Every structure is written in C-alpha cells, then in structure tokens.
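Sequence lines, in order, name chains A and B. Residue numbering for the first sequence follows this note's numbering, starting at 1 and increasing by one per position. Residue numbering for the second sequence follows this note's numbering, starting at 293 and increasing by one per position.
For the record, the hints were derived by calculation from the structure and aren't laboratory data. Here the structure is a predicted model, which means the values were calculated and not measured. Think of the CB as a built atom: it goes at the ideal place given N, C-alpha and C, for glycine as much as any other residue. Among these hints, one or two may not hold up.
Which bits of chain A does chain B cover? Going by a derived footprint, with three or more residues having C-beta under 8 Å, they are [claimed, not checked]:
1) 21-33
2) 143-150
3) 170-180
4) 201-210
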Amino acid sequence: MKKWTVFDIGLTLFMIFVLVITLYPFLNILAVSLNDAVDTARGGIHIWPREFTIANYQEIFGSNDLLFQAFIMSIIRTVVGTITGIIASTMLAYTLSRRDFVLNGFVGLLLVLTMFISGGLIPDYMLIRSLGLINDFSVYILPMLLTAFNVIVIRSFMDNLPVALEESAKIDGANDFVIFSKIIIPLCMPVIATIALFLAVAQWNSWFDTYLYARGNEALTTLQFELMKILDNASLSSGDINSQNAEVIAGQTNPQSIKMAITIIATVPILLVYPFLQKYFVTGLTLGAVKS
Amino acid sequence: MSRENNATSAQPNLPEPPPPVERQIRIGTDLLKKKRHSKDPKGKGFWKRASKQKALLLMSLPFVIWLVVFKYIPIGGWLMAFQDFKPQFGFFEQEWVGWKHFKDLFNEPMFYTALENTLGMGILGLVFGTASAIIFALLLNELRFHALKKWTQTISYLPHFVSWVIVANIVITMLSQDGAINNILVSLGLIDQPINFMARPDMFWGIVTLSDVWKETGWNAIIYLAAMAGVDPQLYEAAKVDGASRLRQMWHITLPSIRSVIIVLLILNIGNLINIGFEKQMLLGNNIVMEKALVIDLYALDYGIGMFRYSFGTAIGIFKSVISVILILICNSVAKRIGEGRVF
Chain A
1 MKKWTVFDIG
11 LTLFMIFVLV
21 ITLYPFLNIL
31 AVSLNDAVDT
41 ARGGIHIWPR
51 EFTIANYQEI
61 FGSNDLLFQA
71 FIMSIIRTVV
81 GTITGIIAST
91 MLAYTLSRRD
101 FVLNGFVGLL
111 LVLTMFISGG
121 LIPDYMLIRS
131 LGLINDFSVY
141 ILPMLLTAFN
151 VIVIRSFMDN
161 LPVALEESAK
171 IDGANDFVIF
181 SKIIIPLCMP
191 VIATIALFLA
201 VAQWNSWFDT
211 YLYARGNEAL
221 TTLQFELMKI
231 LDNASLSSGD
241 INSQNAEVIA
251 GQTNPQSIKM
261 AITIIATVPI
271 LLVYPFLQKY
281 FVTGLTLGAV
291 KS
Chain B
293 MSRENNATSA
303 QPNLPEPPPP
313 VERQIRIGTD
323 LLKKKRHSKD
333 PKGKGFWKRA
343 SKQKALLLMS
353 LPFVIWLVVF
363 KYIPIGGWLM
373 AFQDFKPQFG
383 FFEQEWVGWK
393 HFKDLFNEPM
403 FYTALENTLG
413 MGILGLVFGT
423 ASAIIFALLL
433 NELRFHALKK
443 WTQTISYLPH
453 FVSWVIVANI
463 VITMLSQDGA
473 INNILVSLGL
483 IDQPINFMAR
493 PDMFWGIVTL
503 SDVWKETGWN
513 AIIYLAAMAG
523 VDPQLYEAAK
533 VDGASRLRQM
543 WHITLPSIRS
553 VIIVLLILNI
563 GNLINIGFEK
573 QMLLGNNIVM
583 EKALVIDLYA
593 LDYGIGMFRY
603 SFGTAIGIFK
613 SVISVILILI
623 CNSVAKRIGE
633 GRVF
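Next comes chain A alone, as it looks inside the complex (with noise of 0.2 Å):
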C-alpha cells in the first residue's frame, strides 16, 4: 500500500462532497414525502422524516383516482415502447449488418441522415395530427419506435459477432428470419439490455409527448406530467411553502408533499434497473457516443 499524501486525502473529501450533493436532494425529497405534510410546513427536514407517515403514498395509490391511473399508464408505455422499439431496432440493425442486403446503402443513408435533420416541431405536430394520433395511445410509441443512435449501436455490436455460426445456418437452409430470431437475437443480449434501459429510460421519463399530443384523454395522463403540471402550479409559489399550505391546511396532505411522493415513485424504478446494467451501458456509449 502506497502512503497517502495531502493529495489524496483531499482527492478523497472531494468526491464525498460530490457524493453528498448528487444524494442529499433525493434524501431530502424521500424525507418530506415520508413525513407528515402539515409538520413539512415547519421547514428543516433534512434527510430523515420528523413525523413519519405514508399518507402522501396512500393518497397517490389509494384516494387519488388520477394519479393511480397516471402510475399505470407510465408502466404500460414504458413495457410496450420498450418490447415495440427494441424490436423495431434489433430488426433493423440486422438487415444493416448484412453487407450483402440488396438495399443495404439506401436503407443505411435514410437512418443516418435522421441524424443531422430533422423536421422540427412545428411540422411533427402537423403530421401527428394529420395521422389522426393525438390523444391516442399509439402517440406514445410510433414516433419513439426507432432511434438512428441506438440501431447504429447494435449493428456495430453484431458487426463483430463471428460469421461462421451464420454461415453454416445458412448451409442448413435457414433463411435470415430464422437465424436472425434464433441466432443473432440471443448473442446481442448485452446490447439489447443496453438498447433496452435507453428505451426504457426515455419511455418512463417523456411528458413532452403528453403535453402536447395527449393532453386531451385523461386516461392517456403519466406520472411524469402530473408532476410536470404541479410544477406548473407551483414554480412561482414554492418558494414559499406556507402559503400554498393555507389552501389546504385542512387536509392530511398538501400538493407540495404530494409533488414529492410522485417524484419518489418515478425515481426510483430507475434506480432499481441503472446500477446492474452499468457495465453494459458504459461499453455501449463509449462505442456509439461520438456517432450521436
């Protein structure tokens, strides 16, 4: 063991402080949504709840009828979007790793030219609109079924599988279905983990969409944009905990509270998946990232 120097012990308490400034805001909003909302308008709840309650849970999973539907509808379209684009891009991908496909260059320049253009906001509306999707489930996973970066991904990582294997499917009068469903499909299984968490990720976290395309149906509402509405409310006001608390001060829980229970509940799947799949996703962007 080599001595440490001065260098080292400060190298050291700098990235505990690192540390603590990416955890202490989780802590702190796990701590007010675990404690009891009339007392959270006291203020100084640090990293630990005073009054420990489930209530802001309770009011989320039980009473509220909207943000339960809201919980579900965010898992329906995470588990679709996720099958539906993986699908999508491992399909595609593999037709592009075919040198020998017929439309190989032609199908590859249309993928990557989405790359450095793109329509812009205005027009994508018009065209969700015009294809008749606004407030419409699909709205969620047809124009996120396919992202140029993430089929780049995985054909480079089945440009490097081994040929042989293919070819002697081939001899055995497989065709490119059958050796794409029962042969490359289960070797890409570390990309497609990689591809899976990006597409999961970005399922899980997008209010963009609902605001815009999805607003009108209810039914279609996520957790993510309910939070992104009280936000909305609040992004003046929740300087000042107190007065939004004399609305409802009646009540066993507030908005504010509320606000941090959603946040609690959308963070934490994430959490949940990221960490097991880091090894995956670091080899995964150091290969594609300058491509994006």
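With the hints as your guide, set chain B onto chain A.
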C-alpha cells in the same frame, strides 16, 4: 456441428474490454464502410439478389416506411413555411407567400431575444459542461480509494437517468426561499435575506447551466474516463522517476493523451450549440424570468402551436436547422485543418 460449438465458446466473453476510444470513434465513423459479409460477386443483377433476400426485404420494409413517414414527411413539411398554412384546407390548397414569414421573423425583436438566450445558454452549457466532465474524470481517475471510486461513478450517473421534470423539481426545491441553498448561505452569513432565485432573471442562465452540470457531469465523464484507461502506464512510471507530482502528471500526461477525444467531442457539441432544446427552460422558467428563459424552440412552440401560426413556427425551425448545419460544416472543416481528422 462441432465447429458451431467451437464458435460459441470462442465467442468473446461479452462485454469485451473496450478498444481505445480513438479506435472506437473510428469504428463509429467508418460504419458505412465497414464490411462483415462481402458483397456477392459482381455481375449478379440487383433483382436476382433481391429475389433471394425476400426475408431481409420484408424485415426492413416496415422501418423504411416508418423512416419516410416520421422523419422525411416532416422535412417535406418545411414547405409550409412558404405558405399561409390554415389547417382547414389541404396542403396543396394553401396560399403561397414566399419569404414572408422569414421577413416577419427577422423583424421581430422577440426573435433576437430568443436567439441570444439560446446561444448564451448553449455556450455556457458547452464550456461548463465540457470542463466539469473533464475535471471530474481527471480527479476520479486519480482517486486511490477504489470502493469510493466505484460508488461515486455509479451514483454520478443517477441524475442523468431521471427526467428534467424531476430535476426541475429538485432545483426549485433546493433553491426555494426556505430551501437548502438559502439555509446554507444565510447560516454562513453570506446573505441576510433568503434570495428568491427562481424569480431572478439575471440568475436564470446560471441556474440552467448549474442544473445541467449537476445532471450530466457523471454521464459525460464516461467517455473521458474510457480514454484515460487507455493511457500507457509506462508514461506515468517515467514521470514518477523524473519526480513529477500527481498534478503535473495529470496536466502533462493524462490531458494530452485524451486531447483528440476532447477535440472531437467539442466539435460535435459546437455543431449542436443551437440545438439545446427547451425542456430545462420550459420547466425551470416562469413568467418573471421569461426574458431570459425564452429560447428558440419555446418561441416556436408558443407562436407556432400556441397561437396557431404554423407557418411562422416552421420558419423558426428552418432557421434553426440551417444555422445548425452551417455550424457543423464549419466545425468539420476546422477539425480537418487542425489535423484531427474529419468528424464525419
């Protein structure tokens, strides 16, 4: 059959250790040229080959249609900017007005405010985002305490994965008048009265930049750390023999070794200077700070969709795309000139 099994076991234990980042970048940029299966011998006709690839054609067809509909039709929608688009009529029944909306745009003072805010926050984000990621990667790379290194790295990714809605919520909570930041500042005696940060237009750019640094530093450091992992350890040994301190090693060995990665990323980010989006500004902004929060995309959203001026909104989008393409081309040629190789 045994050959197949061999191939399976010879399959590298995935994920394989990443090659040096410079090479990876080359892999990334050479994708269109790289070959896995060689083409069939020349002379075979297109149709003959195509008829043997029905499955491949069927597999790509839905996505070609998807790309055309969701990516290329909106680009065709740019023509709207030269019309007076009214939704009750069809696309081809619109009145054509030439450059009218662009002229309106350039005569609108609000547009210049939006441009200034976009570039201002774009440049701040670029400078502080890049610097913080490099510094964080440098320091993490030097950290001796390995358990802490692992934990810090994992936890530093967390803010990247949560949405801007959540981050905005966190920022507004922390900066509120009875929030943590004000409490610390007051108890340190730096200020007498809590500051209402979110209602201060002069602080808005700074708040957005710092929020961005908080959210993305750990994530952006990944690629620099990968580059640092590829530095030859002998260089450090030699420097130690020469008596170079750790700081000097960081400055004279680590930084120069990742120079090309820094430059390539910088160039790509400059190309995206104007594409900073609107999420942060929309979620953190409010009416009081709007003069500093209004960015081009928000402007397009407010006018284009909010006020049903579709054609005008499209013109704003086109302007943005043109600037972005110009920036990318400039950066690309600068990269070529300083000998870092074209980015694409």
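(message) If you count the residues of the stretch 170-180 of chain A with a beta-carbon closer than 8 Å to a beta-carbon of chain B, do you get 3 or more?
(response) holds (count 4)
(request) Examine the stretch 21-33 of chain A for residues whose CB is less than 8 Å from any CB of chain B, and state whether their number is three or more. (result) holds (count 8)
(request) Closer than 8 Å, Cβ to Cβ, for at least three residues: run that test on the stretch 201-210 of chain A against chain B and report holds or violated. (result) Satisfied; 6 residues make the cut.
(message) Closer than 8 Å Cβ to Cβ for three or more residues is the test here. Does the stretch 143-150 of chain A pass it with chain B?
(response) holds (count 3)
Violated hints: none; the structure is consistent with every hint.
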